[in-house]
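A.B. asks: Here is how the chains run, residue by residue.
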Amino acid sequence: MSVRMLLAAALLALIPLAGMARTAAPMAADPALELRLMTLAAELRCLVCQNQTLAESNAELAVDLRNEIREQMRRGASDQDVIDYLVARYGDFVLYRPPLKASTLLLWSGPAILFLVGISLLLRTLMRRRGQIAPTPLSAAARARAQELLGTNSAEEPS
Amino acid sequence: MIPEIGHFALILALALALAQSVFPLLGAARGNLVWMRVGRTAALGQFLFIVVAIGTLTYAFINRDFSLLYVASNSNSTLPLEFRIAAVWGGHEGSLLMWVLILAGWTVAITRFSRHMPEDFTARVVGVMGLISAGFLAFLLFTSNPFMRLIPAPPDGRSLNPLLQDWGMLLHPPMLYMGYVGFSVAFAFAIAALLSGRLDTAWARWSRPWTTLAWVFLTLGVAFGSLWAYYELGWGGWWFWDPVENASFIPWLVGTALIHSLAVTERRGAFKGWTVLLAIFTFSLSLLGTFLVRSGVLTSVHAFATDPARGTFVLIFLGIVVGGALLLFASRAHRIGLGGSFDPVSRESMLLLNNVMLAVAAGSVLLGTLYPLVLDALGAGKISVGRPYFETVFIPLMAPAMFLIGVGPMAQWKKASLPNLAMRLRWAFAVGVVTALLVPFAMGGWSTPVSLGILLAAWIVTSSLAGLIERLRLSPVPGGILAKLGANSRSYYGMQLAHIGVAVFIAGATLVTGYETEKDVRMSVGDSVEVGGYNFRLDRLSEVSGPNYIASRGEVSVTRDGRAVTVMHPEKRTYGDKKNPMTEAAIDWGFVRDLYVAFGERLNPTTWAVRVYHKPFVELIWVGWLLMSLGGLLAVFDRRYRVAVRKPQHASASLLLDAGAAGAR
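Chains as they are written, first to last, in the numbering used here: chain D, 28 to 186; chain B, 1006 to 1670.
It should be emphasised that the hints constitute simulated quantities derived from the structure, not laboratory data.
Don't take each hint at face value.
Distance windows between CB atoms, simulated [unchecked claim]: (1) B:Gly1531 with D:Ala59: 23 to 29 Å; (2) B:Thr1397 with D:Ser130: 16 to 22 Å; (3) D:Ile140 with B:Pro1424: 32 to 38 Å.
Rough simulated footprint, nothing fancy, chain B against chain D, three-plus residues with beta-carbon under 8 Å [stated by the list, open to error]: (4) 53-60; (5) 91-100; (6) 110-122; (7) 125-133; (8) 146-154.
Idealized CB from N, CA, C, for every residue including glycine.
Please build the complete structure, drawing on both the sequences and the hints.
C.D. replies: Below is the structure:
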């Protein structure tokens, strides 16, 4: 038996084994690129879905768009290039992170404004509240009743 | 014939709702006891007639009466029985019907369990509930009648959205509506207080268990919605910041502020005006949420224009409820009074800060949810506001509020001292920091966001424990540790449990976000993939048929280090006439990790795109929400809310005390 035949026999014997432990092929050839694609796609809207990101959706258009983006990235496009391309084609609607422009100024500044208003109202209340009302001491009867109601809580009440 | 009975019952219910609002409100204003009592009877009658209405509608669904337009639009002959029942609330009309049923149910509950309240106060509460109910019943009858006939009847109906054909549909909407509608009770209490001028600690004590109970239901509803989305939608996520989710989350945030503010009003008589405002806002946002989801305005603002009757009614109704309540508030605000004084550093001020943070967070989520709708309606362009926006805004706002959970319960009422608090909490903080430093390494790699999240979670747990230990140490109750533990009230344990629930939720959300792994592979029979230390092998593909769908089913055996763990069955289902197949993910539930396998698209007859996830500690998210609602439930059943019910003479004595204290202030 020649060496070649031995080798062929060995290979043949290996085939069922290979079949048993076959590792599933990843959907993407390049995992690093795929990670970049999915991170970006998680902030993009699938335009034909109810409210789903491009990363999550399995709709035909979403798959096509992912392929398109993958191809552009492979050719060296930056994330911004891809975003510009999509916005040119579909408008701002495709972005889950709305761009800062005149029409979204209130959207992006709103929470900060709310926060400042809330905090200044809080501070004003606290300042006005301090010592505005003289504390009224409880009557002995009310105190006894309170203690009965509160049980152990009275321990931590400042007397 | 039977649907007409339901229709007629609904008309009678509207008449009774009007009686339930007019007589008690007028009676309370004039001191006429007989008129006030009309409310109780009318509420019961209204409830029974709505039961008849929803009963006949359910009957029509069960018997596949496609001569009803609503039945034909939301079910077909192949739909299994349990989903034909769930389909009753699967559409706009039926869910409104369920809304009024639950509203009437809450009203009857109030008339039953509030015998310790003065008659005129109960009458006003019942009257306000009647007004709300009348508005909804009119909306149903004039714009959204579920009993509309479709003649000639079609041979079969349209299918219920396959996403809704799930056990979640039987539980999630009723739970959520119990919460939404429950806040109408808090609203009615607030309006009754404004009308009667009775805004004191006793009022807060009556209102508090009802408000907390509504919050418990809303908490469960939100949590259930998240869980349902996780297992049904097949994307493996648990929160999408979808407008529909936000519609339930915004009232939840404001409702959470409300139950904290009510605590101060009950204990210290302070924040009365703010508490009333929060009660008004929570319910208004619940209304807004209901209408946002049901009116179709979320899918397109133009859905509003195609059915102007509904849209106009909704806007007018919202305007009357919100505007009327705020006008009433404005006219009575000067009489509300301030209540007990407190220092800038005190438990009161910390609870107020918590309220500000929750309100700002709710306002921001509302802004992000409505902004695209408003922009679109103004013709200023279409934009999308999604996760990146909400997380950028929400997390920085909530993190400080979460930190406060540790400090607030330790601070004294009226006046606390920061150095003293720091002293008492230093060990809790130290243990929290060490945990935050160790956990990321134990999980397999440093990550700053994870460490910060764990710091918050650990801090809430350790500071809660520190509070409990201190309480036991200072307890004047004689006896052993069990006696001391037993002396604490249920509402104290409820608070602790709910706060620990927040910590558990943060831990789960942080860990799963930081350490989940996912692989997107193509698989045919015999292929295997390794994710998170588990080996997944596709053993078999088969075609199975369910009651109203056919499915491609995979059999995936999971092993770890050669030992069998489980066998999972992901499916891709095609329902009747629907073109797009639905993903039915297979999940192996576990406390420390979930394994999640979902079919993507079929690449060729024997190969599928498959997503496999390993999600460490994802279930802590829902365990946390469950703990929060259990904590709320524990507080509802605190003894001090029941004392008054069992011993009426005792109750009036304590009312006198409260009235006296309020007068003294």
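A.B. asks: Does each hint hold? Answer for all of them.
C.D. replies: For each hint, the structure was consulted:
1. As the Cβ distance of glycine 1531 (chain B) to alanine 59 (chain D) is approximately 28 Å, the hint placing it in 23 to 29 Å holds.
2. Between threonine 1397 (chain B) and serine 130 (chain D) the beta carbons are some 18 Å apart, a value that agrees with the proposed interval 16 to 22 Å.
3. For isoleucine 140 (chain D) and proline 1424 (chain B), the Cβ-Cβ distance of about 34 Å falls inside the hinted range of 32 to 38 Å, so the restraint holds.
4. Residue count for the segment 53-60 of chain D with a Cβ under 8 Å from a Cβ of chain B: 3. That meets the three needed, and the coverage hint holds.
5. A count of 0 residues in the segment 91-100 of chain D with a Cβ less than 8 Å from any Cβ of chain B is obtained; the coverage claim is therefore unmet, three being the minimum.
6. For a cut-off of 8 Å, the count of residues in the segment 110-122 of chain D with a CB near a CB of chain B stands at 5, and the three-residue condition holds.
7. Coverage of a stretch by a chain is defined here by at least three residues with a beta carbon nearer than 8 Å to that chain's beta carbons; for the segment 125-133 of chain D and chain B the count is 4, and the condition holds.
8. With 6 residues having a Cβ less than 8 Å from any Cβ of chain B, the segment 146-154 of chain D passes the three-residue criterion, so the hint holds.
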